[in-house]
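Listed below, chain by chain, are the residues.
2 protein chains.
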Amino acid sequence: MRATNLYAPTLRNTPAEAEIASHQLMYRAGLIRKSAGGMYSYLPLAWRTIRKIEQIIREEMDAAGGQEIMMPILQPSELWEESGRWGAYGAEMIRVKDRHDREFCMGPTHEEMITALVRDELRSYKQLPVLLYQIQDKFRDERRPRFGVMRSREFIMKDLYSFDKDVEGMNESYRKMSVAYTNIFTRCGLDFRAVEADSGAIGGGHSEEFTVLAPEGESRIACCDACSYAASDEKAALRPIDAPDEAELPLEKVVTPHTSTIALLAEYLKIPVEKTIKAVAYQTEDDTLILAFLRGDHEVNEIKLANAVPGARELRMAEEEAIRAVGGCPGFMSPIGIKEGTHIVVDETAMRMHNAVSGANEADYHYINVNPQRDFGAVTVADIRLVEEGDECPVCENGHLHIGRGIEAGQIFALGTKYSAAMGATFLDETGKAQPLQMGCYGIGVGRTMAAAIEQNHDESGIIWPRAIAPYEVVVVAVNAKVEEQLRYAEEIYEELRAAGVDVLLDDRRERAGVKFNDCDLIGYPVRIAIGPKTIENGSIEVKVRRTGELVNFARDTYLKGVQDMLATL
Amino acid sequence: MRATNLYAPTLRNTPAEAEIASHQLMYRAGLIRKSAGGMYSYLPLAWRTIRKIEQIIREEMDAAGGQEIMMPILQPSELWEESGRWGAYGAEMIRVKDRHDREFCMGPTHEEMITALVRDELRSYKQLPVLLYQIQDKFRDERRPRFGVMRSREFIMKDLYSFDKDVEGMNESYRKMSVAYTNIFTRCGLDFRAVEADSGAIGGGHSEEFTVLAPEGESRIACCDACSYAASDEKAALRPIDAPDEAELPLEKVVTPHTSTIALLAEYLKIPVEKTIKAVAYQTEDDTLILAFLRGDHEVNEIKLANAVPGARELRMAEEEAIRAVGGCPGFMSPIGIKEGTHIVVDETAMRMHNAVSGANEADYHYINVNPQRDFGAVTVADIRLVEEGDECPVCENGHLHIGRGIEAGQIFALGTKYSAAMGATFLDETGKAQPLQMGCYGIGVGRTMAAAIEQNHDESGIIWPRAIAPYEVVVVAVNAKVEEQLRYAEEIYEELRAAGVDVLLDDRRERAGVKFNDCDLIGYPVRIAIGPKTIENGSIEVKVRRTGELVNFARDTYLKGVQDMLATL
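Line by line, the protein sequences are chains W and C. Each residue of the first sequence is one higher than the one before, starting from 68 at the first, in this note's numbering. Each residue of the second sequence is one higher than the one before, starting from 68 at the first, in this note's numbering.
Any given hint could turn out to be false.
Unchecked claim - Now the in silico label distances, taken between C-beta atoms and shown as ranges:
| id | chain 1 | residue 1 | chain 2 | residue 2 | range |
| --- | --- | --- | --- | --- | --- |
| 1 | W | Gly-491 | C | Gln-631 | 41 to 51 angstroms |
| 2 | C | Ala-580 | W | Pro-377 | 40 to 50 angstroms |
| 3 | W | Asp-632 | C | Glu-159 | 51 to 61 angstroms |
| 4 | W | Asp-129 | C | Glu-283 | 54 to 64 angstroms |
| 5 | C | Glu-86 | W | Thr-355 | 49 to 59 angstroms |
| 6 | W | Arg-166 | C | Glu-283 | 53 to 63 angstroms |
Bear in mind the hints are in silico, worked out from the structure with no lab data behind them. None of these values were measured; they are calculated from a predicted model. Virtual Cβ for every residue (Gly too), placed ideally from N, Cα, C.
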C-alpha cells in the first residue's frame, strides 16, 4: 500500500472527550472516528489491526477445537424469558420491536441463542464436547460510554461457548480456553495477567479475567510477589488477620462527642484506627438494608458483600431513614441493638478483634471493649474486605499482594448448567439418562484488545505497536518524494520487502520529511526505513526502531536481513 | 477437520416453510438454522463458505483500490434526516431508541454514515479518489422474508462507496467495480449476467445488477441472443414497434356490449388484439391518478411507468372512484375526453398505431379508427412496456431478447451527488472551488451469493459446490471406520492431501457407508475419496466427482496428482 492512496487522516489536536492516551492516539493517528456516543467507525489502519487480532484469535480457537459460526444479532425476547434474563438485564439491553410488534434485543451476549441453537441437535454424549464461536458486533447501552472503543455501546467481541457431558469435561474445555487465551494475548505481544474474577451477571462457577497491564486501566488487580496468584480486586480472597491476644474486658458505653468519622474517633479516644470497627450501610435494588462492619482502616468490597447476601445484586448507599428504621444511628453504628432480621455482615478480620470500639447506635456515643465473638450475636461473617497493597497472599506462605492496574480484555466462565437447565438443553448420557449440558462461555473484546495494546504501548510521540498487530510492520519513507531518484529508490526497497513477505507501507506523499516522520511515530509502525540523500549518495539505508528510537544504518545489500532480524525481536 | 468433531447436523426432512431448493438444502445439509422469521444462524460448514466468498470479495476490492473499514450498525436518525430518507424509508427500516430516547436505525445501507464519515476529512481533489468498503450485517424488516438467507431480515453485505472529484472519475470507479464484480462471481464459479438495472430507492444514475442464473430465481432478466446486452425486466429498454402503414380513417364511436376485456373486445369486433389499445390505472402514494395506455397484447412495466411521472414512486391499482372523477369509465377507457391535467402516459408502441380501437369512456362503447398521434392530444409518451420473450434487442441490429430467471447477488450504482449535496460533503477542486463529491455505491449480498450458488448448483441428492466456495474441497471417507486399517489408511491420505495444500475433511464417523455417502452428496463436497476394503487389498483409491458422478480408481502413487488435476477443473 502507498500512503498517497491510504485513507488515514491524522490530526494535530485531540478531541476534548478523549480522556486517556489510547483514545486520544486512536483519534489522532486516524484509526477511529465517532458517529455517536460510544459508537465508532474503524478506519483502514485500525481495521488492519483488528483483522490481525481476529486472525490470531481464530487460529487459537480452531487449535483448541473451536468451530466458527455466526448467529444473528437480533434475538427474540422469548429466549431471554426462558433464561429469566429478559426482565433482569436492565437498561443496558437495547430492545427493538419489528413491524409485527414482536420484541427482540440487540445481542449483548449469546448464551440464550446458542443454547437454543444446539438444544435440539446435541442429543447424545457421543457428540460432546462441542465448542462453537463467533466474532461479531455486540450491543450494550452503557450508562456512561467512554475511553473510545474501550467502553463503547457497539463493540466487536469473540464469544465461544462450550458444551460438555460432565463437570470434568467442562473443566477441561475451560482449561483449554485458558491456555488459548494465554496464547492469544502472548501472540499479540501484550503484557497481561490471568486473574481470578467474579462471574457477575453471567453467573456460573469459576471465572478468570485476562487483564492487559496499563497504569491508566479501569481494572484494579492484585498479584502475589512470591507465587502466580493474581485476582481482580473484586475477587481477591483475603486471609483474616488475627488481632493480638487480649483478655476480654466488659462492654462499656462512653460519650464521644463529634466523632462521626473513624479518624475523629481514634483521635478523641487516642487509639489506633486498627482498634475501631466501622460501619457501611447499603440498600439493594429491592430496598433491603445491608449493614457491613469492618476494621476501621479497611474498605468494603461491594462485590464480595453482595455475594455474601442471598439475592443481593446491585448495591447503593443506604438512605438515613432506612438505617434509623432498624435502630441504627448514622456515624455511630454497631451490630449491637440493631433490630432482629436485619442483614448484618461482619468482615472476618473485624470478627477476630478484641476490646475494640464501635458505635452505640446513639449520636455521640460509642461502645468500648467490644468483643465481636461475644457481643455481636447472629450475624453473617464473611470476607468482604477490599484488597490493599501489601496484604498477605491467600495462596502461598510468604507472599504479599501488590496492586496494579489494567484493562480487562477477555474473560472466561465455567457456567455449569445455569442456561441448559433453564432452557431444557439436555443430552442422553452413557446410561440413557437425560442430563443438562455443562456449559462454559469465553469472551474477548477485540476492539478493546487493540485499545489496551495502545494503552500499554505508547509514548509522547504516539503509538508503539507490537509487531504482530501493527497495521503495517514496516514503513518505507521517501524522505523527499518530489526527488524522483529518492522515490524510485524507496519503491525498489518497498518491493523488495514485499517480496520477502514483510507487511510494508510506502510513504510516497509529497509532504515535508518532518510531517511524514511525525506521522510514522504517531501511527507507530514498529520499523521505519528512510530513503534520503545519503541513500542516493552512498547506499546508506537508515532504519529506526520505533520502540527504542535506535537508529541503524545498513548497507544496500545487508539491510533486508537487518530489518528481518529486528522484526523478529519486536 | 474430522467429521467426528464437526458440528454439521444433517436432516432427512425439510421444514415446510422452505419453498426453494437452496433453502431446503441449506437446512438439510446442516448449513443454517432459523432463530426467528428471516433470521438465521450460519453453522460451521456454511460459515466456511461465507468466509471463502468474503476472501474473494476482499481480494478483488483491494485490487480495485478499495480499503476495508468498519462502520457501526446503529446509525443516528439525524444523518438520515439530512438526506431526507428518515421519513422516506418506511417500515423496512428497524428503528431503535437508546436509554436517552435518542433515535437510531439498524443500518439497512450506509450512504449517510459514510458521507458523514468523510465529509470533514476529504477536503481536496488531491485526496481523491477514495474507495472504502466493509463486510457487515445489514437489517431490513422485510414484509415477507422468505427463501432462507436469500431474502432475510438480517443479512451479510459487502458495501463499498466511491468518492471522486468529477463524473469521469465516478464513471471510472464504477467501471473498476463492474470489473471487480465480474471477477468475484467468476471466481466463485457462478454463471451470471451483469444486467442494466433500475436504481430504485438508492437513487442516482446508471446501475447494474449481477444476477446469478437459476430457474427458480426471483429476478426476471432479458438477454440478447446476438450481443452482450442484458437487463433486468424492470429496466430492459424496448424499441417502439412500428405498425404497418395505413391511411387514417375518421374516428367513430361504436356500441360494443359486454367487451370490458381486451379478449372479449377483439372477439366481438373480429380484430387482432394488436389492433386494440388497453388502459391500466394506478394511484401513487399521494393518491395522484396515472392512466397508462399500451397495445392490447402488452403489459405495463410499473417501474418504467413510475419513472415516467415526476414524483411517482410506489404505484397501486387505482380505485374506481378516482377513475370516474376524471371522466374515465373502467373497462372502456381512452385518453380521449379525460379531464385536462390528468397524468396520461402512452407507450411508444401504442403511440405508433393506426386505426386502432380504444375505449370511449362510456360503458359498452369503444372508438374505432383511433390514431393516437392525431387523437390523443397532450399526453406523455414513454417506453412503459414490460419486456417479452422475442422482443427486439434495443442495442444491436438483429438480436432478440430472451427471458431468463436468476438471483440478484450484487448491484452497483453511480450515485452522483445525491447524498454529498444533501449532506454538504464537498471538496476543493483544482480552482479552489467547493464541489460536492461524486459518489458511487456497490453492494454484494454475501449470504445470498451462497444461496444463489446452491440454487444454481444442485441435484436431487444435494448441493454441488463450485470448488472455490466449497466448505471443503475434498472429503476422505473411511468406508468402515470401525476397521482400524481403513481408518488409519484414510488418515494417511487425509494428511497427505492437507500437506499438499488441499482443503480436506476426514469422514471418520462410525456410521454406515450409505449414511456417510449420502451426507457427502447432500453437503456437496466437489471430490469424494473412499478408502474401503479394495484400497486395503490392492491400493485402489476410488475418487468421485460430485458434479458428474464420475468414478475413477487411482493407484496409491498417482491419486494425489489425479485429485489435483480434477480439482483444477471444478
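Results for each hint:
no.	hint	in the structure
1	W:Gly-491 / C:Gln-631: 41 to 51 angstroms	holds, 48 angstroms
2	C:Ala-580 / W:Pro-377: 40 to 50 angstroms	violated, 57 angstroms
3	W:Asp-632 / C:Glu-159: 51 to 61 angstroms	holds, 57 angstroms
4	W:Asp-129 / C:Glu-283: 54 to 64 angstroms	violated, 36 angstroms
5	C:Glu-86 / W:Thr-355: 49 to 59 angstroms	holds, 55 angstroms
6	W:Arg-166 / C:Glu-283: 53 to 63 angstroms	violated, 26 angstroms
The structure fails to meet hints 2, 4 and 6 from the earlier list, while all remaining hints are met.
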